[in-house]
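**Q** Given chain V, work out where chain R should sit, using these hints.
Protein chains in written order, with our numbering: chain V, 26 to 216; chain R, 30 to 366.
Just so you know, not all the hints are guaranteed correct.
[As the list claims (entries may be wrong)] Each computed SDA-like pair below joins lysine to any residue, with the alpha-carbon atoms no more than 20 Å apart: (1) R/Lys-327 / V/Pro-195; (2) R/Lys-69 / V/Leu-80; (3) V/Lys-211 / V/His-100; (4) R/Lys-217 / V/Tyr-146; (5) R/Lys-96 / R/Trp-348; (6) R/Lys-69 / V/Ala-191; (7) R/Lys-219 / V/Glu-142; (8) R/Lys-206 / R/Glu-190; (9) V/Lys-137 / V/Lys-153; (10) V/Lys-211 / V/Asp-151.
Source of the hints: derived by calculation from the structure; they are not laboratory data. Predicted, not measured: the structure shown is a model, and the values here were computed from it.
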Amino acid sequence: MNQRPPADPPTSRRTFLRNGARIAAMTGLGALAGVVATRSTAEGWVWQIDPQKCLRCGNCATKCVLEQSAVKCVHAFAVCGYCNLCTGYFEPEPNALTTAAENQLCPTGAIKRSFVEDPYYEYTIDEKRCIGCAKCVEGCNRFGNGSLFLQIRHDRCVHCNECAIARTCPGDAFRRVPAQQPYLLKTNHAH
Amino acid sequence: MKREFQLGSRREFFSQTAGAMAILGAIAAQRGQAAEKAAKNPFAYDLSHLQTTDPKLIAYEETARWKAPHAEARRIAMGVDDSLYVCSGNYLTAVSHSGERGLEIAAPEPTRCCAIAKDGTIYLGLRDHIEVFDPKGARKATWESPGKKTWLTGIAVTENELFAADAGNRVILRYDKSGKIVRRIGEKNKERNIPGFIIPSPFFDVEVSRDGLLRVNNPGRHRMELYTPDGDFEGAWGSAAMGIAGFCGCCNPINLALLPDGRFVTCEKGLPRVKIYSADGQFESVVAGVESFVENGKACGPADCTAGGLDAAVDPQGWIYILDLVTGDVRVMKRKA
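Looking at chain V on its own, in the form it has when it is part of the complex (with noise of 0.2 Å):
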């Protein structure tokens, strides 16, 4: 016959008491930790895009806390070929090299094409309509030099401990930076 183990002695008002002002002591200083933690790391370490391993895979345009994505494209002058058919402005095969809404890439119309002298023309990014898509960062990075990129703004950042862009992307390109230092900027291609 099985016999039952015997029951534990029952607990003390006292004892009781004494654990709980224990496990509550221990919680707060918990959570007063994990504050100051969090605060030191927005302060000092920030998020940041990787050029090199982003994807392009359209996430940082829908998966980011804010409304209208604190991702945007930027572009590095240095490395741009300032080409007439700039395929991170137009579409794959546009009707003709013109600024009519159906020959760009942008769905959002944010890249401003300036004319500088017979062949090259200039690229710019309208931040505020920029929704971080990547798709012209695609077409630049598909033909051209790569001089479109990726990066988070932090003037619109809202600092998450776990970025919710970061937790999705395919090519782990998301990284802590020195808030000194926060942008992963391009400056020159190789050759």
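**A** Frame of chain V, contents of chain R only:
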């Protein structure tokens, strides 16, 4: 002995249930995250319809394939004895049709381009100057660099002259055989009706046809241009288009070769493909399409599209040798019967 099922204590039951739920929760979270990562991109840049070539247009078939002698292959050229010369890494290597190595010249820096004269003299382009070797690989001369911005990417040689494509300065340099620059060709000049070269990335090539005219790619204008050795602009052909008859992307064609009858072999990046055009620029056929260069197509990105690309050389029988700058493969292409 039959094992009896026993109910544990309530505490054991709760702890085991909690553990199982935690594991299931972690798996579900991982699966959810993976699904989110693999979600379809609503902003996709779709070129899928351009990734295959109409089989009717493909006029060549691959008969052999071998690897470039070293990593970082850049250019391929024909030698006088039907051997090929490959610039890869810091070396220029002579290779037979079947890929067997012969003479090899080591350079102190990456070899960028080369040309072999009819007498066997080897002209090797480094970043900013040309070095000259005899047919056995002994150095004969080192020509002075034209300037700091010089970035040589292509060489063509005739009996008395050498033409070098300088991508850094967007000019074709005409040298005499002593290494002296006697003319600069193709610089923008309205009075001479010369449009100027647009070279967004370092791909710039020159060939001399049997008619004595230079054939030069102007990738930023998506066309091929013809010049006299004295620098007069004679004409141009080509247009920008993703479709098979045009030159794709921002800046193509990147390299060229000439068939014995004067027709063009053009190489493109972005949509890596090698095509044949008639001597007056009419699209004729495809040597190898995008589907032949899968790794090369992936090379454009994540950083940029200056790492990809193809080069081609043609032998006197009209066989085409395609160098894949990403994989280092050399494909030997023969016209289909």
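**Q** None of the hints should be skipped; say for each whether it holds.
**A** Comparing the hints with the structure gives:
For the given pair, R/Lys-327 sits about 16 Å from V/Pro-195 by alpha-carbon distance, which is consistent with the 20 Å threshold. The suggested pairing of R/Lys-69 with V/Leu-80 holds, with an alpha-carbon distance near 13 Å, which does not exceed 20 Å. Proposed proximity of V/Lys-211 and V/His-100 is supported: the alpha carbons are some 9 Å apart, at most 20 Å. With a CA separation close to 17 Å, the supplied pair R/Lys-217 and V/Tyr-146 stays within the 20 Å bound.
For the proposed pair R/Lys-96 and R/Trp-348, the alpha carbon gap of about 18 Å is at most 20 Å, so the pair holds. Distance restraint check for R/Lys-69 and V/Ala-191: the Cα-Cα separation of roughly 17 Å lies within the 20 Å cut-off, and the hinted pair is therefore satisfied. A C-alpha spacing of about 14 Å is found between R/Lys-219 and V/Glu-142, which places the hinted pair at or below 20 Å, so the restraint holds. Of the supplied pair hints, the one linking R/Lys-206 and R/Glu-190 holds, its CA atoms being roughly 6 Å apart against a limit of 20 Å.
A threshold of 20 Å between alpha carbons decides the hint, and for V/Lys-137 with V/Lys-153 the separation of about 12 Å falls inside it, so the pair holds. Only pairs whose Cα atoms come within 20 Å are accepted, and V/Lys-211 paired with V/Asp-151 is accepted, the gap being roughly 19 Å.
Comparing the model with each numbered hint stated earlier shows that all of them hold.
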